[in-house]
Amino acid sequence: MLINSAVYHDGRIVAEPGLDGVSEALESRSGFVWIALRDPTDDELGLLQRELDLPPLAVEDARKGHQRPKVEEYGDMLFAAMHLLEVGADGNLEVGEVHVFVGPRFVVSVRHNSQQGFLGVRGRAEREPHLLGQGPGFVFYALMDAVVDRYFPLIDAVEAELEQVEESMFQPGQDRQAVVQKLFGLKQRLATLRHAVTPLLEVTSKLHGGRVPAVCMALQDYFRDVYDHLLRIQGSIDAARETIIAATQVNLTLVTIDESLVTKRLAAWAAIFAASTALAGVWGMNFEKMPELKWAFGYPMALGAILLVSGALYWRFKRLGWL
Amino acid sequence: MLINSAVYHDGRIVAEPGLDGVSEALESRSGFVWIALRDPTDDELGLLQRELDLPPLAVEDARKGHQRPKVEEYGDMLFAAMHLLEVGADGNLEVGEVHVFVGPRFVVSVRHNSQQGFLGVRGRAEREPHLLGQGPGFVFYALMDAVVDRYFPLIDAVEAELEQVEESMFQPGQDRQAVVQKLFGLKQRLATLRHAVTPLLEVTSKLHGGRVPAVCMALQDYFRDVYDHLLRIQGSIDAARETIIAATQVNLTLVTIDESLVTKRLAAWAAIFAASTALAGVWGMNFEKMPELKWAFGYPMALGAILLVSGALYWRFKRLGWL
Amino acid sequence: MLINSAVYHDGRIVAEPGLDGVSEALESRSGFVWIALRDPTDDELGLLQRELDLPPLAVEDARKGHQRPKVEEYGDMLFAAMHLLEVGADGNLEVGEVHVFVGPRFVVSVRHNSQQGFLGVRGRAEREPHLLGQGPGFVFYALMDAVVDRYFPLIDAVEAELEQVEESMFQPGQDRQAVVQKLFGLKQRLATLRHAVTPLLEVTSKLHGGRVPAVCMALQDYFRDVYDHLLRIQGSIDAARETIIAATQVNLTLVTIDESLVTKRLAAWAAIFAASTALAGVWGMNFEKMPELKWAFGYPMALGAILLVSGALYWRFKRLGWL
Amino acid sequence: MLINSAVYHDGRIVAEPGLDGVSEALESRSGFVWIALRDPTDDELGLLQRELDLPPLAVEDARKGHQRPKVEEYGDMLFAAMHLLEVGADGNLEVGEVHVFVGPRFVVSVRHNSQQGFLGVRGRAEREPHLLGQGPGFVFYALMDAVVDRYFPLIDAVEAELEQVEESMFQPGQDRQAVVQKLFGLKQRLATLRHAVTPLLEVTSKLHGGRVPAVCMALQDYFRDVYDHLLRIQGSIDAARETIIAATQVNLTLVTIDESLVTKRLAAWAAIFAASTALAGVWGMNFEKMPELKWAFGYPMALGAILLVSGALYWRFKRLGWL
Amino acid sequence: MLINSAVYHDGRIVAEPGLDGVSEALESRSGFVWIALRDPTDDELGLLQRELDLPPLAVEDARKGHQRPKVEEYGDMLFAAMHLLEVGADGNLEVGEVHVFVGPRFVVSVRHNSQQGFLGVRGRAEREPHLLGQGPGFVFYALMDAVVDRYFPLIDAVEAELEQVEESMFQPGQDRQAVVQKLFGLKQRLATLRHAVTPLLEVTSKLHGGRVPAVCMALQDYFRDVYDHLLRIQGSIDAARETIIAATQVNLTLVTIDESLVTKRLAAWAAIFAASTALAGVWGMNFEKMPELKWAFGYPMALGAILLVSGALYWRFKRLGWL
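Protein chains in written order, with numbering that gives the first Met the number 0: chain A, 0 to 322; chain B, 0 to 322; chain C, 0 to 322; chain D, 0 to 322; chain E, 0 to 322.
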């Protein structure tokens with residue numbers, strides 16, 4: 000589905016051609032065209048490929064989707080794939096994609112399976128014509144910057160939940176299974192984030208510094224900035240991941256300690272009752288000559304002995320910290 | 000066993016020589032020959048070696064099999080080995096191999112221990128003469144692409160089974176041994192996949208970009224595409240592997256938690272019965288002066304006391320979540 | 000908030016301009032200006048940016064904070080971010096930041112969220128005019144050196160606490176949960192330290208040896224010294240981290256051993272009481288013909304038998320080390 | 000001890016000098032000498048050093064033994080050390096060594112602590128004069144190839160034993176200690192193999208492709224073949240190692256599951272007996288007014304009640320899978 | 000404290016100046032001076048710095064100590080720091096240091112916190128004037144070689160103790176806590192060794208092969224030899240470390256297996272006694288009509304029944320391997 004299509008000259012809109020009028024629009028005037036598609040049909044992509052002479056392998060990737068983040072050069076063109084992450088209904092991250100074709104005179108963004116649009120990016124760019132006037136490379140930067148900026152709240156959320164788990168973990172009476180399930184869920188979310196960030200980090204490092212594609216040449220400081228943002232996210236991901244691994248390990252130890260405490264309590268109570276039962280059993284024996292059975296205060300004495308033994312054991316276990 | 004042998008010129012079949020007529024067929028006309036063998040005898044390989052002047056060390060590898068995935072250059076020739084993976088009867092992956100000799104005027108594919116043929120590849124190539132006309136390099140690409148494409152459903156299957164385990168793992172009453180066995184099986188399957196993919200990834204990276212063997216020179220974009228597919232599979236393998244490691248760890252914790260729950264239940268019921276038994280034991284003592292034994296309602300009172308104590312304990316353990 | 004602003008010539012103060020007089024002060028005389036800000040407002044940063052022509056992306060970073068340690072070149076300028084670590088009220092490390100802009104004729108340090116000032120650095124520098132006379136690069140070195148020197152007591156504290164844990168860990172009767180909590184806390188502190196040190200190490204390695212920014216050129220031996228300090232801290236962090244991982248693992252084993260000991264004791268006492276109870280139960284049976292019940296010394300004999308069996312079991316368990 | 004000494008010209012033996020006649024034999028004719036020593040005395044090595052002008056540091060290494068696998072260049076000479084592995088009496092791997100000095104006109108192999116000779120290598124080389132005629136470099140290759148080929152059955156044995164453990168591990172009633180002991184033993188064997196293979200892999204990679212020592216120059220394809228074999232072994236080692244780590248982890252989980260099953264059974268039987276005892280205790284109380292004690296069918300009823308309760312519990316635990 | 004100071008010419012002593020006469024002694028004759036200090040005062044270091052014009056940053060390092068192993072170039076001078084390891088009273092490794100300044104005409108070794116002197120090195124060097132005549136670089140090599148050679152017995156001791164643990168670990172009745180404590184201690188010792196060896200390995204690799212400091216140029220084969228020794232130690236450290244990790248993991252499994260065995264025994268004995276008690280309880284009930292109570296052989300029969308049940312259970316548990 001076509002969302003937007005505009006030809007910009009010196010940072011201002013000069014035409015809004017349909018998909019089938021793009022090449023014509025570009026021929027008749029200077030400037031570049033910025034086209035935004037969403038979940039396009041094969042026909043739309045085919046049309047665009049013919050109009051802009053897009054490389055077949057890249058179009059094939061855009062058609063099939065499920066690409067890893069990457070930037071590939073085809074002659075003087077770039078094809079980029081990035082992941083769009085959204086929090087789904089069940090709290091997990093859902094992965095959409097945006098593919099960007101960047102040529103000397105065009106930018107095409109193709110969005111798949113994602114609610115996150117880029118109208119805001121276009122709006123902001125149109126309000127700063129001196130930047131937009133830098134051409135397709137700047138649009139490419141602006142899109143990438145927007146994609147990367149949307150990763151920050153996701154990693155922040157993971158960090159916040161993680162901190163909460165860390166704080167509660169050592170408090171007594173935790174539901175250990177809930178802790179381990181939470182940690183596992185966070186780890187899965189981090190994995191999704193990392194698969195969006197790490198390959199992108201790698202390719203972004205090639206958009207500044209050394210040999211840089213022509214279309215990004217003048218914008219190296221901007222791409223270094225994006226790279227720096229990605230490095231920061233990557234650092235947070237690594238830190239969170241380590242914390243999760245450590246916390247999972249700690250949680251296992253705590254489970255074992257918990258069990259150990261229960262075993263101790265069980266041991267203590269079992270001993271107290273077993274002692275009482277053994278004593279009662281002794282006075283329940285049927286020997287004829289058991290003088291204390293005849294004593295006037297035999298029974299209270301027996302009860303006293305049982306309570307005394309139980310109390311002594313109780314006190315001892317209390318001191319050992321078993322009860 | 001010879002499966003196919005055809006000389007192509009401008010992408011069309013011009014001759015179908017036997018193994019012993021290959022060199023003659025090539026001398027008398029232009030074009031290249033594409034030969035497919037399956038589990039060949041030493042004689043067949045020896046014949047081919049003489050006909051096409053194949054390097055002895057490479058033929059030795061093809062004869063012995065059990066090669067790791069690789070691409071080796073011998074002068075203007077390439078020798079490639081790739082793994083063919085099939086799901087066996089017991090659900091494990093079985094490893095076959097295909098070896099490919101690529102020269103300026105020939106491609107020989109030798110398949111070992113595998114049901115997966117490449118007739119489809121030949122058919123598709125013959126239907127696109129303009130591509131097949133690019134020569135042996137294109138056939139090499141087409142074979143590699145076919146091999147790699149067949150890895151996708153295998154990793155997809157692993158991911159699907161893994162997701163199922165992840166979902167069920169936290170539900171109560173799981174058979175923990177079945178979970179750990181499943182995870183271990185998936186890990187083994189991933190290892191097999193990785194041993195097919197990782198070395199191939201490494202060598203494929205040398206078929207585009209930098210110094211590239213002459214026979215692949217014009218097809219760099221195609222090999223980059225294969226490389227990209229392999230990267231994607233590798234990413235999936237890494238992700239699945241991490242998930243399995245985490246899930247195995249989580250499962251151990253869950254086993255320990257399960258045991259802890261059982262210990263608690265045991266502790267609770269033991270306490271309830273032990274208290275009852277101790278009380279009954281007291282009233283079973285044989286002292287002469289135990290006034291309550293003579294009371295009219297002594298017995299119901301005792302039963303009541305026993306039930307009361309048991310009930311109180313039951314209620315307390317229920318509240319603690321032990322029962 | 001402006002803390003200090005001074006123009007130095009040949010290592011001595013020659014003027015103390017306000018934020019809005021910096022460019023004028025530099026134009027009218029030779030030397031360089033050293034400005035220190037703390038938690039600056041956007042206006043202050045904006046003013047400074049115009050006065051010194053600072054690069055917008057760097058100023059944006061300084062404004063937003065939460066940067067990872069880095070050194071970025073913008074033409075003949077450097078922008079550096081470093082972490083300032085302080086022990087917070089709860090014993091955790093709190094992360095502040097200092098950003099430094101270094102140009103041919105200025106140094107600006109911007110401190111965020113930190114109590115740690117650099118007045119001492121300025122004082123020491125002013126007492127050594129021959130060093131300060133080397134210009135902004137030397138000030139940059141002095142600031143970095145001060146930041147890094149403040150990491151040493153933090154890692155020393157971690158090492159000291161860790162050593163204490165190591166020593167006490169194997170002593171009987173430890174609170175295992177306290178140990179694991181302590182180890183986890185130390186690991187988190189180390190992570191914070193590492194996120195301050197590792198990226199800084201990486202960038203510092205580019206300030207000596209190979210291609211070095213012009214402003215640091217003459218000071219390579221100094222920056223190598225800082226690099227060496229960072230390497231030492233990094234080594235300590237790595238060692239402490241490994242020790243923590245090993246200690247956590249050991250602690251889990253010790254927990255399990257502890258539990259095993261408790262289980263053994265429980266088993267032993269349960270056996271002793273169960274044997275007594277079984278014996279007493281036998282003599283509490285109501286058979287008419289139980290000759291020993293009539294014996295004069297039947298009861299003492301029974302008590303003796305019970306004590307004998309209990310004693311024998313006790314002695315046996317003692318020898319097994321279960322009690 | 001001298002085992003063999005022969006001067007070869009054009010691949011055929013032309014002289015068999017003693018240790019003290021080597022230099023003379025070489026001076027008087029063309030060709031090269033191939034000397035094999037086993038556990039040589041210091042005198043023998045000293046003699047050889049003078050005759051062939053061997054570098055002192057290399058001879059020192061050969062004298063002391065306990066070298067890691069390596070290839071070192073001394074001018075136009077090579078000194079190589081490789082590990083010879085043998086299955087010892089206790090099933091562990093025993094490490095011997097072979098040191099090889101390769102010069103333009105000599106090859107000396109020195110074997111330490113190993114039963115594995117190289118007579119077969121010499122025999123095979125003598126049967127192929129056209130290969131042996133390539134000089135000392137070929138002999139070096141043949142020795143290395145023989146050493147590496149002997150690693151294959153060792154890793155195959157590890158893989159076979161590992162597969163057996165994997166298959167039996169999940170079957171009920173395993174001796175878990177035997178499993179863990181087996182896995183530990185396999186891991187140790189793999190470590191020995193890896194310490195033979197990994198350093199050799201590293202040095203072999205320098206004998207083909209880039210800058211290659213003169214003596215190996217013409218044999219690069221051969222050394223690449225050895226390198227490829229080593230890569231294959233390394234791959235197998237890595238795979239086996241991962242499997243062992245995973246299996247050890249799985250085994251720990253299985254131990255814990257086993258324990259959990261036993262605890263459940265214990266809990267179940269304890270509950271059944273405790274219920275019976277409590278009931279019997281109740282009817283063993285001495286209250287005067289316990290009407291059921293007087294009933295004609297009181298006793299069978301009581302027995303019935305006890306059996307009923309026990310049976311109900313038994314049935315319940317059976318259904319829970321605890322029994 | 001000054002230990003030794005001598006000027007050597009052509010490998011022989013020609014003067015023995017005090018610290019304050021060094022520069023004078025060097026001016027008046029050719030050759031080089033070799034000075035050995037131990038725990039020097041600041042004054043001594045200051046004096047030496049002025050006499051030999053040592054670089055301030057290096058002297059500062061030597062004064063403060065606690066350096067990581069390193070070799071730094073200052074113009075035509077080298078500053079090296081190495082760790083001296085000694086087994087302390089408690090069996091742990093204690094870390095001392097030796098710093099070496101190497102200039103074109105001097106070598107200064109500064110020893111800290113260590114009993115290990117280098118008189119033997121000096122003696123050996125003086126006995127081989129042709130080697131000592133090679134100048135300061137040779138002395139530097141001799142010192143480094145001596146330091147590294149002293150690491151071998153330390154790693155050998157670790158390996159021997161580790162082997163002992165490995166052998167005893169699987170024998171029944173081990174003190175598991177002692178095992179884990181031993182393994183932890185060995186790991187700590189290895190960590191100390193590694194922190195001495197790994198950084199030294201890295202710097203030593205720069206003293207041969209590529210660009211080498213002038214003072215070491217002629218001695219590359221010697222430094223490669225030291226490098227090779229360090230590689231060997233490193234290999235041993237890595238192997239021992241892996242074994243420790245595996246053994247710690249195995250030990251945890253063995254602890255759990257041990258506990259499992261105890262739980263089984265407990266379960267078995269509990270069942271036997273519980274059955275006896277339940278039976279005795281039944282015949283201890285007070286029903287009026289319990290015909291067997293009146294039988295002549297009722298009591299022996301009851302005892303028999305109890306023994307029979309106990310025996311049957313005992314036999315069954317024996318067969319299950321629980322007792």
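Please note: incorrect hints may appear among the correct ones.
Chain copies aren't distinguished; within one or between two, either way the pair holds.
[Claimed, not checked] Dumping the calculated SDA-like pairs for lysine to any residue here, alpha-carbon to alpha-carbon at most 25 Å:
{"#": "1", "residue 1": "K317", "residue 2": "A245"}
{"#": "2", "residue 1": "K63", "residue 2": "Y73"}
{"#": "3", "residue 1": "K317", "residue 2": "G74"}
{"#": "4", "residue 1": "K205", "residue 2": "G320"}
{"#": "5", "residue 1": "K63", "residue 2": "Q233"}
{"#": "6", "residue 1": "K317", "residue 2": "L130"}
What the hints contain is simulated information worked out from the structure, not anything from laboratory work.
Consistency of the hints with the structure:
1. When the C-alpha separation of K317 and A245 is checked against a cutoff of 25 Å, the pair qualifies neither within a copy, at 33 Å, nor between copies, at 33 Å.
2. In this assembly of identical chains, K63 and Y73 lie within 25 Å of each other by CA distance solely inside one copy; the values are 19 Å within and 37 Å between copies.
3. Taking identical chains as interchangeable, the C-alpha atoms of K317 and G74 are never at most 25 Å apart, the minima being 79 Å within one chain and 71 Å between chains.
4. Within a single copy, K205 and G320 get their C-alpha atoms no closer than 61 Å, and across copies no closer than 57 Å, so neither meets the 25 Å cut-off.
5. Proximity of K63 and Q233 under a CA criterion of 25 Å is satisfied inter-copy only: 18 Å between copies versus 28 Å inside one chain copy.
6. Taking the shortest Cα distances, K317 and L130 never come within 25 Å of each other, neither inside one copy (74 Å) nor across copies (68 Å).
Hint compliance for this structure: hints 1, 3, 4, 6 are not met, and every other hint is.
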